[in-house]
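S.K.: Taken in sequence, the protein lines are chains A and B.
According to the numbering used here, the first sequence is numbered sequentially starting from 8.
According to the numbering used here, the second sequence is numbered sequentially starting from 8.
It is possible that part of the hints are untrue.
One copy or two, either will do: identical chains are not told apart, so a pair holds if it fits within one copy or between any two.
As the list claims (entries may be wrong) - Calculated lysine-lysine pairs in the BS3-like style (CA-CA distance at most 27 Å, straight line): (1) Lys-184 x Lys-38; (2) Lys-52 x Lys-38; (3) Lys-52 x Lys-253; (4) Lys-38 x Lys-262.
Derived from the structure by calculation, the hints contain no laboratory data.
2 protein chains.
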Amino acid sequence: MSLIHTWEDKIELVDKALDSFLPGIEMYPGKIHEAMRYSVFAGGKRIRPLLMFLACGLFTDRWQRALPAACALEMIHTYSLIHDDLPAMDDDNYRRGKPTSHRVYGEATAILAGDALLTMAFALLSGTEQYKNEYSEAYQSEVGPEIGLKVISELAEAAGSLGMIAGQILDLEGEGKTVSMEMLDDINSRKTGALIVASLRGGALLGEAPAGDLQRLSVYASLLGKGFQVVDDLLDVEGDENKMGKQTGMDRKRKKATVVSLCGVTKAKSQRDTLYNNAMQELSPFGESADELRQLTRFIFYRDY
Amino acid sequence: MSLIHTWEDKIELVDKALDSFLPGIEMYPGKIHEAMRYSVFAGGKRIRPLLMFLACGLFTDRWQRALPAACALEMIHTYSLIHDDLPAMDDDNYRRGKPTSHRVYGEATAILAGDALLTMAFALLSGTEQYKNEYSEAYQSEVGPEIGLKVISELAEAAGSLGMIAGQILDLEGEGKTVSMEMLDDINSRKTGALIVASLRGGALLGEAPAGDLQRLSVYASLLGKGFQVVDDLLDVEGDENKMGKQTGMDRKRKKATVVSLCGVTKAKSQRDTLYNNAMQELSPFGESADELRQLTRFIFYRDY
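All chains, full assembly: derive it from the sequences and hints.
M.R.: What follows is the structure, encoded as structure tokens:
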């Protein structure tokens, strides 16, 4: 069985569900829905939804119940990218090989499209009538309101001013300044790590994981989040612009502290390998049921885009 | 009994709870929490929390249970003002007599402070551990998870791309263009009306209102939302800048369609009076229990700031 194949199926499912939830561009006002869709379907790797499915799947065969929550994760992730790319923030012109939202729709619409995606994530998770369809009905019927609230809480906490938003503000503040390895570690655990942790914890909650397993997955998730960021930093130095769909060398240009700028490529790679081994270690008690998650872990640590 | 006095008590309670929930400026990273607090405590009238309390109070003596949801409403309202004031949107320098967020903290922080307040509203409503205190514990213990989810859904729907965000984008698109009275009515019902409707419906849900009463309050809320906007439009023409804490005459300067620009001051006032009478009519079945809500309604329709 090709695992790549099953990833593709899961990604297709997420794309289909995202398309079914997001208002069509014929929905008034069309411009905001066009901008929301533009960024959501701009070629994301859907890593967070996959992590959520696989975490859920460790505890139940019915991992598809996580679909609306996986879509909510991707909406939150996409909103964060739209806002990060704004002229007032990182001022990026391209993302995944396509012009960024504000370049296509203007700043006002880009800000509002981000706001709308963030808001929609919580509408979806709370069962808003507006977005009712077969996927959300399955979610309502399989996921009790207590767990539903916990998943919302998990995502909101990760995305908030002590999580992802803290990471972004610290990242901006750190540009051109001396940053210690410890500070960088903290910035990354918030900016990238928090939502990855929420993907795995959210999935485990939806699978009704026992507390011990939830704790173990949190440790794994935190290692994975760190590794994800080290690989991003490495790719900004060594990556192929065509494959990545964005300019490389931007961290140096912005004088941004990264694992690579602080300790060099060789040490960054050895740090990546250590994180990989430790993350895999945390998965060992799950046995064969975690094979797909292992394969995704390997992809995340050794990807070239 | 002075009703004004009980408003003040309720407003004081909201302010105290907002202060208890919002991370302090000593919480790392301090800048984001400072910016969040700056706008939340910039002198808002707390009309939406009051509406929520009063709607809840129609059905239960324990209206204080609505406190975290009332704070969440105020966070969503504040986020929308921060983003609306941005240079890419309305480009306002003052709000309630104080410099706007981006003027004090810069655009990047203002965008992120808005994002963080929106996110925190949903964290609060879902019982995130992070914000646990006596108020949120009372909410958890009195409000079941089904109703908790419904309140989240109500607020997320109102704030989303078919509600408040739609209103903002239509408002921006309409500047300098010919807008019919019907279009204007639609813009206003989204931009201002949606969150006011959610305040009252959310309060009624928290009071476990019967379906018929919920429906009646929705009609009242929609009339109130329209009236709120007509008064805003009138104040932009006739209001006292000192009392209002912001420049008047801005709608004309921006060539914004308003009720006043479309049909003049006299007709706008008679429209306001009709909306007021119709709104009061919807409250009559609630008898004396709605007296405080009547007084707030009168304030909203005939305020001078």
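S.K.: Against each hint, give a clear statement of whether it holds in the structure.
M.R.: Okay, the hints, checked on the actual structure:
Taking the shortest Cα distances, Lys-184 and Lys-38 sit within 27 Å of each other only across copies (17 Å), while inside one copy they are farther apart (39 Å). Taking identical chains as interchangeable, the C-alpha atoms of Lys-52 and Lys-38 lie at most 27 Å apart only when both belong to the same chain, with a minimum of 25 Å there against 32 Å between chains. Taking CA atoms no more than 27 Å apart as the test, Lys-52 paired with Lys-253 passes inside one copy only; the shortest distance there is 14 Å, against 46 Å between copies. Within a single copy, Lys-38 and Lys-262 get their C-alpha atoms only as close as 36 Å, which misses the 27 Å cut-off; across copies the closest is 21 Å, which meets it.
Checked against the numbered hints given earlier, this structure breaks none of them.
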